[in-house]
Amino acid sequence: MSVFLDILASVGMWEAVLRIATPLILGTLGVLLCERVGVLNLGIEGIMTFGAMIGWLTVYSGGDLWTGMLVAALGGAMFGFLHALLTVPLGLSQHVTGLGITLFASSFSYYVFRLAVPTASSPPTVEPFRPLEIPLFADIPFLGPVLFNQTAPTYLALVMVALLAWVLYRTPLGLAIRMAGENPHAVDAQGIDPIWLRIGTIMAGSALMGMGGAFLTLAAFNSFFPTMIQGRGWICVALVVFASWRPARALLGALLFAFFDAYQLRLQTVVEGVPYQLFLMLPYVLSIVALILMARRARVPQALMQPYRRGER
Amino acid sequence: MTPVLELSGITKRFGHVTANEDVSLHLDKGEIVSLLGENGAGKTTLMSILFGHYTADEGTVRVEGQELPPGRSRAAIRAGVGMVHQHFALAPNLTVLENVMTGTEPLWKLRSDRAAGRRKLVDLSARFGLKVEPDARVSDLSVGECQRVEILKALYNDARILILDEPTAVLTAQEAESLFATLRQMTGEGLSLIFISHKLHEVMSASDRVVVLRRGKVVAERRTSDTTREELAELMVGRKVERPARPPATPGAVLLEGVDLHVSGKGGASLQGISFKLRAGETLGIIGVSGNGQTTLAGLVSGLMAPDSGALLVKGQTVATHDVPHAIAAGIGRIPEDRNAEGTIGDMATWENAVLERIWSPDFSRRGVVRRAAARSATEDIIKGYDVRGATVDGRIRLLSGGNMQKLILGRVLEAGPDILVAAQPSRGLDEGAIAGVHERLLEARGRGAGVLLISEDLDEVIALSDNIRAIVNGRLSPAIPAERANAQLLGLMMAGDWSAAEAIEAENTHAI
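Same order as they appear, the protein sequences are chains G and W. Taking the working numbering, the leading residue of the first sequence gets 1, the next gets one more, and so forth. Taking the working numbering, the leading residue of the second sequence gets 1, the next gets one more, and so forth.
Chain G with its partners taken away, still in its complex shape:
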């Protein structure tokens, strides 16, 4: 029994939770933003892949790490624009378009990667973000290394949670975004064009997804390989439901999932005689359970997945 508790008492475990959570936080915030304005964005899996690739490629070709993050955000926004164009003014099925974007962006990423790195058999690496110790705070026992010895993008993700919550709940723009996800006709009636509002918001959300992907190549694995997102995007889609479309709960959800993931990784090494695939499954199973418990009373944005056309109801 004590091995299970030992894991929980280790600094490494909790440090890993925040690290694993970072791309999930960014991705979940991205999906949340899109859905709050009324558009499902299943392009996330591909957009994260593209962000991971283009961020890595930027740094690999000599850009600095922050330029890499920025390019990943722009790349995400670009695919977001494509998704928005197809789903908002044209009103195409958001499911189909999103899955299409995922397939397209994933393949396109690999294509560009192979153009840039045609020969290498093992993926080339870059110098990643290093942990950034926050003076004084990092010296707090246990909490210090867990919370204040992370890489800069992790801090950024946490700031983003607060920022997004502020924008959504405290600014006129956020109110308009939420309104567009509830009833775009109402937004139009108040003199704001819901089409542009949706396009802009989807682009912003997709930029966050791109950054979430770039975290993996620039702060976790140091190199790009095509299958590296491994369903993280889909987890983000589920986490938004778990979070009832609220940023703070999105953070909670991402941490919870990351906790399961970090825990199962360590269990694999200490528990013998159990196939490791069983542990790999654990976070997903627990996510479904959490989803069932949390999401039943959620208030779904009423206009989610409804294209807006003027004069039609």
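Be aware that one or more of the hints could be misleading.
Claimed, not checked - Result set (SDA-like, lysine to any residue): computed pairs, CA atoms no more than 20 angstroms apart in a straight line: (1) Lys120/W - Thr171/G; (2) Lys109/W - Arg170/G; (3) Lys109/W - Trp196/G; (4) Lys109/W - Asp193/G; (5) Lys109/W - Met160/G; (6) Lys109/W - Thr171/G; (7) Lys109/W - Ala165/G; (8) Lys109/W - Leu168/G.
As the list claims (entries may be wrong) - Label pairs and their calculated CB-CB ranges: (9) His201/W - Leu293/G: 19 to 25 angstroms; (10) Ser244/G - Ala306/W: 33 to 39 angstroms; (11) Leu85/G - Trp360/W: 24 to 30 angstroms; (12) Gly231/G - Ala173/W: 30 to 36 angstroms; (13) Phe81/G - Trp108/W: 43 to 49 angstroms; (14) Asp347/W - Ser244/G: 49 to 55 angstroms; (15) Pro226/G - Trp108/W: 36 to 42 angstroms; (16) Gly417/W - Val285/G: 31 to 37 angstroms; (17) Gln66/W - Leu115/G: 54 to 60 angstroms; (18) Ile345/W - Arg299/G: 23 to 29 angstroms; (19) Arg367/W - Leu280/G: 49 to 55 angstroms.
Everything labelled a hint here was simulated from the structure, so no lab data went into it. C-beta atoms are modelled at their ideal positions from N, C-alpha and C, and glycine is treated no differently.
Once you've looked at the hints, dock chain W against the given chain G.
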């Protein structure tokens, strides 16, 4: 004096259809002008142009002498034009305050000033007597309250001109009364109003001036004091419309009987021990303010719910199984209250809607396979026989206007030859021409020997169609009075729960029956 609002020479075409043709009208300060016209006359299109939702092909809109740029809602709002939409433009999951404040501050402001917004809202709400709770979630509000929020939204934007698009379509009679009082108060405060409607009595009682629109053109303009309902009806429809008269009844055997029925309906609309009899060839009208149990009563007879106690007898037999197939099999035809939500499936074809209710009958399916040809030809017959305009057998039914959709429902129900017909608010939201058509069909069914249970809030309708009238109040039924003895005052008393006069009349009649 310059009018506060002036539309001149507005023309709008959608493809080959001309929705508005050379329409001009003006609105003076402090005035209520009704825009009267049947469904499809172009009223809403005209107002959408004024509000910048559509761009006119020709013509201009001036507010206080200033021309509005076309196609810009923002400009209309800034100029002081507020619109109260027929289908509320509200977000159900947001609070009243949030709904009202959306779009009223610069979008890129870093912090929304909620406190100031709340003060302004509370102020307006007190000044105009529009009571709302700023922090209530809109989904928790009644329809009447939602409309108050819609009006407050416009006032919050400092509207001086308010356009109300069929504001009473979804309101109960009482809510409508209180709305009219509010509108009067607003003109006193210097607002000017345009009120879109196809209901003659509202237009007559609420407005100073009436502009009549027919097929996209202004056909007449009258001061309300110089005109009559009859004249307006004729102007609006373009011919003399007469609602059909009710021939004398020849009541037969009791077809439907309720004995001390109790139903615990949802949301307080329960039935608390009601008893009634409906005979063949007779129409029993049930009046009442909505929410007093009429929906529950209709649902009970239609087989949608079962009573907790008491019995429902159809043709003398107690109904054992309360479900829809049994109700239909027993010969009960149903015209539901909400034709969009319950009467039809908007995105399915007309023929599917026409036969869905009887899809298991051997006429329309055999061994689990739909007999398309039979279903389609039956639909064809309904479309022809009931003059369902604009309908094609394969077209989606949501594209039909309310009146034509109701004709299709009538056709569907009556073609099955029901012995008992439950008609809940059958002419709600319909215009004069369509109402006359519906009434004709209901009288026809009665003439054929069906018993008609007519549930309606429209007193004129109930008096015109019913042989006997009862009021439903808090889940109880008043004594029945014959329609000949009914007048607005007596029915008003009955709906308010004062049944002494009705009891006297019933006692008088008992020995006669």
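Hints and how they fare:
no. : hint                                    : verdict
1   : Lys120/W - Thr171/G                     : 18 angstroms, holds
2   : Lys109/W - Arg170/G                     : 10 angstroms, holds
3   : Lys109/W - Trp196/G                     : 18 angstroms, holds
4   : Lys109/W - Asp193/G                     : 17 angstroms, holds
5   : Lys109/W - Met160/G                     : 18 angstroms, holds
6   : Lys109/W - Thr171/G                     : 6 angstroms, holds
7   : Lys109/W - Ala165/G                     : 15 angstroms, holds
8   : Lys109/W - Leu168/G                     : 12 angstroms, holds
9   : His201/W - Leu293/G: 19 to 25 angstroms : 54 angstroms, violated
10  : Ser244/G - Ala306/W: 33 to 39 angstroms : 36 angstroms, holds
11  : Leu85/G - Trp360/W: 24 to 30 angstroms  : 46 angstroms, violated
12  : Gly231/G - Ala173/W: 30 to 36 angstroms : 57 angstroms, violated
13  : Phe81/G - Trp108/W: 43 to 49 angstroms  : 20 angstroms, violated
14  : Asp347/W - Ser244/G: 49 to 55 angstroms : 29 angstroms, violated
15  : Pro226/G - Trp108/W: 36 to 42 angstroms : 39 angstroms, holds
16  : Gly417/W - Val285/G: 31 to 37 angstroms : 58 angstroms, violated
17  : Gln66/W - Leu115/G: 54 to 60 angstroms  : 58 angstroms, holds
18  : Ile345/W - Arg299/G: 23 to 29 angstroms : 26 angstroms, holds
19  : Arg367/W - Leu280/G: 49 to 55 angstroms : 50 angstroms, holds
Checked against the numbered hints given earlier, the structure breaks hints 9, 11, 12, 13, 14 and 16 and satisfies all the rest.
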